[in-house]
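The listed protein sequences correspond, in order, to chains L and F. Sequential numbering of the first sequence, starting at 1, is according to my numbering. Sequential numbering of the second sequence, starting at 1001, is according to my numbering.
Take these hints with a grain of salt, some might be off.
Unchecked claim - Part of the chain L face toward chain F, derived, beta carbon under 10 Å: (1) Ala33; (2) Ala36; (3) Leu43; (4) Lys51; (5) Leu104; (6) Phe117; (7) Trp121; (8) Val122; (9) Val129; (10) Val134; (11) Arg138; (12) Asp154; (13) Leu158; (14) Arg166.
Claimed, not checked - Derived DEER-like restraints, expressed as beta-carbon distance ranges: (15) F:Leu1009 to L:Glu15: 49 to 57 Å; (16) F:Glu1031 to L:Ser37: 17 to 25 Å; (17) L:Lys16 to F:Leu1033: 31 to 39 Å; (18) F:Glu1031 to L:Lys153: 18 to 26 Å; (19) F:Arg1071 to L:Ser37: 20 to 28 Å; (20) F:Arg1071 to L:Lys16: 18 to 26 Å.
No wet-lab data here; the hints were simulated from the structure. All C-beta atoms, glycine included, are put in the ideal place defined by N, C-alpha and C.
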Amino acid sequence: MSFPDVFARLIAILEKHEARFVVIGVFGANYYAGSASGLFTTLDRDLFLPKDPSNLLATWRSCEESGLELFAGREPLDYPRDLDLARRVVGVSASTRASDGRVLDVDLSLTMTGFDFDTVWVSKREFEVAGTRVPVARLSHIVSSKAATGRPKDQSFLSSHAEILRRLVAEDESEVD
Amino acid sequence: MDDAYQNALDALDAAERACPRRIQPVELTPEYLEAVEALERRPSNAPGADKTWVHEAIDEALRHLASARRR
Chain L
1 MSFPDVFARL IAILEKHEAR FVVIGVFGAN YYAGSASGLF TTLDRDLFLP
51 KDPSNLLATW RSCEESGLEL FAGREPLDYP RDLDLARRVV GVSASTRASD
101 GRVLDVDLSL TMTGFDFDTV WVSKREFEVA GTRVPVARLS HIVSSKAATG
151 RPKDQSFLSS HAEILRRLVA EDESEVD
Chain F
1001 MDDAYQNALD ALDAAERACP RRIQPVELTP EYLEAVEALE RRPSNAPGAD
1051 KTWVHEAIDE ALRHLASARR R
């Protein structure tokens, strides 16, 4: 099968390993864009995972199968990358990261500000990318989490996103008129 | 506690008081949240919608940026 990018290939491999995740963050918001002009170009992909060591291990294995390197902070993730390590990472709700070192950084997060995994999971939306199902958080959950986090980069995103939505609403209203 | 250490702590406290907190939760307006929900309801965002174009467009933009060279 042909994939449009490394991330799409990773999603297909995650599906094969039956890993549970939802795409959140700016890239998650991108799936709802009306057109290319509404997209935010970002290297970062954020996956929200349940606090389940077996699922985290399946996710790490999927990343490795995709040719991505795994990191904890700035350091390569320890070996052996086994269930015991996954339990320790889940125990402290730490994020790990997968990267191709060029155009893709995937944050494997066990937390999402303001939300627990089950809430996001039950109301997720599934889109399709190159024949693969992509579970994406509701846009309202993504922006609410960003608002609650409130970092400067989140504020900047929300401000730009609000402007894009204002334009879309204006276009919709002009079509109705 | 020696004077130098106390002076350093005092300086840090003064610096913290002088800087407004940069991290503040953002309040989302009802208009914005309504627009978000309207966007979610669009037919192009129905479950199962094909979003391959999102990956293609961002991948192309990233490759373009990665190939940029200063003149």
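Range hint 17 to 25 Å (beta carbons of Glu1031 of chain F and Ser37 of chain L) holds or violated: holds, 21 Å
Hint check: 10 Å Cβ-Cβ cutoff, Lys51 of chain L to chain F: For Lys51 of chain L, the interface hint is violated, since the closest Cβ of chain F sits about 24 Å away, which is over 10 Å.
Outcome for the supplied range 31 to 39 Å, where the beta carbon pair is Lys16 of chain L and Leu1033 of chain F: Given about 37 Å between the Cβ atoms, the range holds.
Ala33 of chain L as chain F interface residue, shortest Cβ-Cβ below 10 Å: holds, 7 Å
Leu104 of chain L as chain F interface residue, shortest Cβ-Cβ below 10 Å: This interface hint holds because 8 Å falls under the 10 Å limit.
Interface hint for Trp121 of chain L, Cβ within 10 Å of any Cβ on chain F: violated, 14 Å
Satisfaction of the Val134 of chain L interface hint, Cβ to chain F closer than 10 Å: With Cβ-Cβ at 7 Å, under 10 Å, it holds.
Hint status (Cβ of Ala36 of chain L to nearest Cβ of chain F, threshold 10 Å): holds, 5 Å
Proposed interface contact between Asp154 of chain L and chain F, which counts if any beta carbon pair is under 10 Å: Since the shortest Cβ distance to chain F is 7 Å, the answer is holds.
Supplied distance hint 18 to 26 Å, evaluated on CB atoms of Arg1071 of chain F and Lys16 of chain L: Violated - the Cβ-Cβ distance for Arg1071 of chain F and Lys16 of chain L, about 45 Å, lies outside 18 to 26 Å.
Proposed interface contact between Phe117 of chain L and chain F, which counts if any beta carbon pair is under 10 Å: violated, 20 Å
Hint check: 10 Å Cβ-Cβ cutoff, Val122 of chain L to chain F: violated, 13 Å
Hint compliance for this structure: hints 4, 6, 7, 8, 20 are broken, all remaining hints hold.
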